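Asker: Take a look at the letters that make up each chain.
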Amino acid sequence: MALAAVTRSISPMVPRPFRVEKVVRDVSDTFTLHLRPEEGRRAFPFAPGQFNMLYLFGVGEVPISISGDPGEPDRLIHTIRSVGTVTARMAALGKGDVVGVRGPFGSAWPVEAAEGSDVVIVAGGVGLAPLRPAIYHIITNRGKYGRLRILYGARTPRDILFRGQLERWSSRLDTFVDVTVDRASGDWHGNVGVVTRLIAHGGFDPDNTVAMVCGPEIMMRFTLQALADRGVASDRTHVSMERNMKCAVGFCGHCQYGGNFVCRDGPVFRFDRIEDIFAVREF
Amino acid sequence: MTMVQIEGLDKLLREHPFFDGMDDAYRELVSGCAANEVFQAGAYIYKEGQAADKFYLIRHGRVALEVHVPGKSPIIVDTLKAGDLMGWSWLVPPYRASFDARALELTRLLSLDAACLRGKMEEDPALGYDLHKRFTPVMASRLAAARHQLIDMYGHPGD
Amino acid sequence: MAGPDAPGRNKMAIDRNGLQDLIDALVGDGYRVIGPRIADGAVVLEPVAGVDDLPAGWRDEQDGGRYRLVDGGGDSLFEFGPGPQAWKRYLYPPTERLWRARRRGKGFAIEDDATETPRYAFLGVRACDIHALAIHDRVFDGGRGTDPGYQARRREAFVIAVNCTRAGGTCFCVSMGTGPKAEAGFDLALTELVDGNRHDFLVEAGSERGAQVLARIDHREAGDEDVTSADAALARTAETMGREMVPDVAGLLGRNLEHPQWNKVAERCLTCANCTLVCPTCFCSTVEDVTDLTGDTAERWRKWDSCFTVDFSYIHGGSIRREGAARYRQWMTHKLSTWHQQFGSSGCVGCGRCITWCPVGIDITEEARAIRDSEGDG
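Protein chains in written order, with this note's numbering: chain E, -1 to 281; chain S, 9 to 167; chain X, 13 to 390.
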């Protein structure tokens, strides 16, 4: 008549405590946390494009893409935009505070499959953060790729995320960076216009390009059209989708996108695999 | 959608400001590609991405041009009223609508079959030039207006 | 086909007293026996101590948005269809604490939270619900990841199927290939044989565990007449199904994501979420992080959720599925279409609960038919 016992401490729903080593204020309502585990192995290996569930004790949990260098797994870095209850409380975190981490979850940018091709990275707003790990990887392994083009759009010059890094990447002889803003005041000498215009400038071979796109869904919609108009096939284009997530391990059902669970089959999708449902509103 | 006799359509085209001064022969040609359409309030006349196989002259009513943004209500970027021309994507490959067009109230339109017209313009470049000349100022003024909207004139100083 | 040595494929029979013996044996083995009982005018799933707790003589009348219990005046114990509850409320409870943590300095420590796994014996699981259990096995324990709580409770659960000798008012198991006969997935399966002269149950063992319990209670070998009566009852049930799902509904819905029928059904749908609550396969949940007043202890709870709520698809600033039409479409296309891509089968078992418990009587078989009949229109 013995009743079986179940220990839940190994469950994937349990967060690991990580300590905040550094907080960097980025632009407007965006900030970056540098985290280190409280105990156990220091390294946190992940693939570019993956995300963690970040937990604030007693407040709640949110899915946030990892924005650090996958080649430096000793540092776990997340760039967060303050848009709701949990992220607003996270914006008040300081060095020494603790955050719970579950992950890494999800699919990755195809950085290995893209070797030998030109790479076009198109980011909008805070969408540059989930792409940064892919950029790090490509630059670290620069010789394995053809041309590298990083196209970035922001609202105004003051909203340009990772501006210093964009300028450093831009100064490399083997990397082309193009930044545009929706509008600017007189002292901005860069581009003004939507980011899709930058795609029309070319500088990559559409028949041998892998495109990686991340930003608000509406920006991705126009960008994907511009890439297709330029001749980049939809099975060479990858997007990072975002949906409501509660568990991140495929049980809660919130992140369903057609037959896909964005937490497991995404967030990075090869576009031809979701092309049909991408066009269906409110799906 | 009701088909009105060719004579009736020709009269409507003659009266519409957009075709003011158009050669009679051309106008008759154009009216051969025309039809009357009615949309109830709230109905979509076309949606972003659809084949732009018509353009419209608004005879009565109001139409909103909008963008569907996932997670939000649609954003209206322009409203058009009686006398306005609607739709120029039919002139620009790949001939796909750039925005949603939704009737804000009961709206009567004169619709013009784009495929029909494109064919006629190919056959007679002078007709093509005439139509392009009429369209270009409309497109230019809409573009300028859109850019002025971008200025966010009413936004916070220091934005 | 089971060979001569396979456990219990020879048909046995027990009488009403035998059913009591079966319940007693299971209780003696440490099981909590859960079975059909009447409460609040419906057949619910609650602990039963004996045969007298079962709804003797009661039958149900079900239709779109309608459920009534009628006292048939007879002795039958299982002459009703699925009620508003499904067995998921035991294996996958509506609320479950996932963990508890205590604050420690600036950090926190998760407490080891060993709990005892309940041992349930489910009495009266219909064929449709047997399929629903198998579907949940694929969701919670099927190679995509495991919910340890579900897995433990499921392994302990003893399943006594009951074959339906009367078609329910809203069922369509035949067209879904899920009934009326339970073919596998049970420890024991009963078919009630009751008339003025006798009250017996044809019994089939479906597992080693089931055969062993059967061996310990009073039973006899079933006669040919028992078997033919049972077969005839099941055949009658299959023939009197009032509804059917159109064939290839998965492909049909996948091709018609923008069909005008979605807006039509949305004019009636209240997005009340009843269908997801009564559905035996719906599994969506939400996670709630709570803390006590001192802020020193935090808990994470999992609770049932429904794709019909506007919040379900909320991401910063707005919900993806704002319109009721989009939410109804999500539920129906998931249940009947995208479930195949996710779990290799339909998510629907044809139990009819969603039709009965919809306050406005929306019928997914009708909705599917409406789309099929006007495919390509609009």
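Please keep in mind that the hints were generated in silico from the structure rather than gathered at the bench. Since the structure is predicted, the reported quantities are computational estimates derived from the model, not experimental observations. A hint or two may mislead.
Unchecked claim - No more than 30 Å apart at the CA atoms, straight line, and that leaves these computed lysine-lysine pairs for DSBU-like:
(1) X:LYS315 - E:LYS20
(2) E:LYS142 - E:LYS93
(3) X:LYS315 - S:LYS80
What the hints assert, rightly or not - To give an idea of the chain X side of the interface with chain E (calculated C-beta under 10 Å), a few residues:
(4) TRP111
(5) GLY117
(6) THR283
(7) ALA285
Just so it is clear, CB atoms sit at the ideal spot from N, CA and C, and this is done for glycine as well.
Asker: Check each numbered hint from earlier against the structure, then list the numbers of those it violates in ascending order.
Answerer: Of the numbered hints, 1, 2, 6 and 7 do not hold.
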